[in-house]
Amino acid sequence: MTFAVAADPGTAVAARVRGLCKVFGATVAVEDVDLDIPDGAVLGMLGPNGSGKTTLIRLLLGLTRPSAGTAELLNHPMPTGAAVVLPHVGALVEGPGFHPFLSGRENLRRVAATEPLLPTRAIPAAVDAALERVGLGNAADRRFRGYSLGMKQRLGLAGALLLPRRLVILDEPTNGLDPAGTRDVRRIIAELHAGGATVVVSSHLLTEVEATCTHVAVLQSGSLIAEGELRRLLDADATGLVVTTPDTDLAVATLRAAGLDAYRDDADEPGVVVPAGDAPGVIALLVRAGVAVHEARRGRPRLEELFARLTETAT
Amino acid sequence: MAVRRTARIAATIGIVGAVGLGLVAVAGGAYAQPQLPPVTPEDLVNSVLTHADPGPFNGTVELDNDLGLPALPQMPQAANGTSTARVWSGGNHLGRVALPTDTGERTLVSDGTTRWAWNSDDRTVVKRPAGAQADRAAPTDPAAAVAQAIAELRATSTVAVDGTATVAGRGAYELVLTPAPTERTLLREVRVAVDAEKRIPLRLTVLATGSSGPAVQVGFTALTFGPQDPALFTFTPPPGATVTDAPAKDPTTQHQDTTTVGDGWDTVKIMRRPAGTTTATAGPNTPDLSAIGTPVSGTWGSGRLITTAVGSAIVTDDGRIAAGAVPAPVLTDALSR
Amino acid sequence: MSALPDTGSLRDAPRTAPLRRLLGAEVRWVLRRPRTLVILGLLALIPVLIAVGVTVAGRRAGPGRGLIGAVAGNGLVLPIVAVTVSLALLLPLAVAMAAADAIAGETACGTLRGLLLAPVSRLRLVGMKAFGVLVVAAAAVLVLAVVGMLAGLLVVGETGWQLVTLSGTTLGIGQALARIALVVVWAVGQLAAVGAVALAVSAWTEHPLVVLAAVLGGLIVFGVLGAIPTLEWLQPYLLTSGWSAAVDALRDPMPLTGMWDATWRALCYLAVGLSATIARMLRRDA
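Listed in order, the protein sequences are those of chains E, B and V.
For what it's worth, this note's numbering labels the leading residue of the first sequence as 1, then goes sequentially.
For what it's worth, this note's numbering labels the leading residue of the second sequence as 316, then goes sequentially.
For what it's worth, this note's numbering labels the leading residue of the third sequence as 653, then goes sequentially.
If we strip away everything but chain E, and leave its shape as in the complex, we get (with noise of 0.2 angstroms):
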């Protein structure tokens, strides 16, 4: 089961995707992924442990080259681009990589030193800025040796935001975090989108990704098993009207003499599902017929929900 929406043709895309496919000996760690991140999206990469998603972004930042297929960054082709395009792309992948020895600030210059688009004289500003945003302004020429695992998450963050960028992916950004901590990181997703960045975020935790991203893309096994924006996505999979009552029976007869599918489900409270029907149509309907309503309202559920039977369903 696939749910594919696909983006609007000409829509600007900050990463496209063809085809892609990557093979680790007898492995198949991305098999034919097809994926367009429109430009200033805030994606979601979700997917259980092994689905792919970290091979995914490697692939996509051209850290590894791919078996077979295509990755574009910002129009340009991975890896072979990646002079051009990598200055305009934060990143934190597989989780934050610093030196023990060198304190936060220390490792934060060496990076800084290496970004192309940071002019010397302003590194040091920059530095401190990043260590500002992320909360590690005082524990910023502690050792990293010393760094507790948030702060080291806080760290790797600060290190893909020294300068403004138009694409920033954060793999797992909020593993080992807080929940102060996790809500920081919405807070810089959602400062990073309003900037017009597009973000890339993969996460196992699925509220923050509904609560942060406008678009997502499901991985299971190597395998993109749905993708698109999210609030699309959410009403392709809406289960219909629910309507909560104890005359369950005379209200599914009472549908269905009326043309309308209709079905049981006592799951939460005892009521009927209407998988296509107007609510004002149905409610009528119901109360002219003498069903006592108690309440009715579209079935939209949690994207936890979502993820949970897409994943099933593939397996």
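If you're looking for bench data, these hints aren't it; they were derived computationally from the structure.
The C-beta atom is built at its ideal place from N, Cα and C for all residues, glycine as well.
Quick list of the computed label-pair ranges, beta carbon to beta carbon: (1) 680/V x 21/E: 39 to 45 angstroms; (2) 790/V x 428/B: 45 to 51 angstroms; (3) 686/V x 48/E: 39 to 45 angstroms; (4) 709/V x 540/B: 44 to 50 angstroms; (5) 94/E x 672/V: 27 to 33 angstroms; (6) 906/V x 358/B: 39 to 45 angstroms; (7) 790/V x 445/B: 44 to 50 angstroms.
Position chains B and V against the provided structure of chain E, taking the given hints into account.
Below, chains B and V alone, put in the same frame as chain E:
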């Protein structure tokens, strides 16, 4: 594609490096045989015997030793292996020889009036006056020594010119002396590379019967003729050095009673050590021979036999030494006379 | 957030950080690393130990035999002897450690990825890393030479500002310094060859220890091969077989053949090592 081009360049550099390593390794090894005007063996031998003084030169002499002698502490050059000497000659008895080892050096300087011997191991300088040379018998000029040997062996040898060779970058004729079948010797042949221009020996190769490789090879690996820096032929003992005068040599030790038995390739020299001289008093430069060899005895007495690929020696218990490029029976025959 | 460059301007934007800044960052990183400092400290101890040993021994007996003995009362020999002695093991170890950290170590830390994402082009990355290793090699040899010179003059300076060569001649301070400088440059060249090969191993593995094991194992194997008489033909191919040539700087007149041969050999190893490093780094996943 840029990556592919860079990879190709990198591969090229790597191949150049690998090939270069091979070239560096074989450099100085195989040269093509130079084209030289033909020469008859007789003319070549005569020209060697009458060659003019080549004048000042400097060079490097390498000794490849495969004699099979055990290592002697006083004479590291005697053991199997390669040793090098750097020589400078300024003419007029001016000369300098450096014998480098891995960790030190012995330097011999002859400044015309004094002969200096420096040993860096113990920082000693031994000086002895030049002139009135007692050791004329052992020619100091290796080229002259080789020429002398050719003259002695000529009568009992087949002499041939076996093509050409490049030695120390110079064109040379390969003169080959093969012992006549009647000679009782351990040697198969002696090859002398003779400089085509100066007619001096550049390399001496001794091949023994029963082995394919040379038993001993000594020759120049580098040789340049021309005026030498006069400073090379002076020596000032450095600060901290111990300077001693060489002990005036007892005439009896100098003029050892030497008899020669036989001639040509199976010549045996019998020397008599003066009575009372033991290895302990023989001086630091005389190798201690008592530790090596195998005991032998016969009608001539008893002693120790030392054999190498190219010769044998018997040190008798009564103080005689018989040596030659011959098998042991020839030595005992000579001692029995 | 400030304005973002539009897609069209991507091609015109800078694609790489200035080379000097990259090299500077690399050198700072290399010299801040504790283990680099530890091994430099160890190297500084070597001339001091030799000086003390020679002084103590010198009071009891006469000058000892061998190369170390040449130091007694002859302080300017100490830097050259210290470099020669350390070239056998400690200097290659220092260089191998630097090379191990340069690529395999960065991979293990997860920082190589960061460099490639900055992006530092893969070729520049090799250049940057090779420079870092070269800096360590030069620092190591310089530490030996400078400390050796100081210790030599202070502790065993009987001949004062003169150097007595192994050939028994005496050199003035100027010539002595020139020879020390020559040995330093020559030794750095030899170590550059070790570093290039170590860097290649470092590029092909993910474990820094593999690099150390490979380099030290290689040195030992070379030493054994060089000691087998029947394998004498192999000698000219072995990097280590020319390493005693530094002693030639203590001879007078100085024979240059040994050092030249060793330098050519080192250049060949350097070319092969760098080429293998580049070949791997162009393709390596990070």
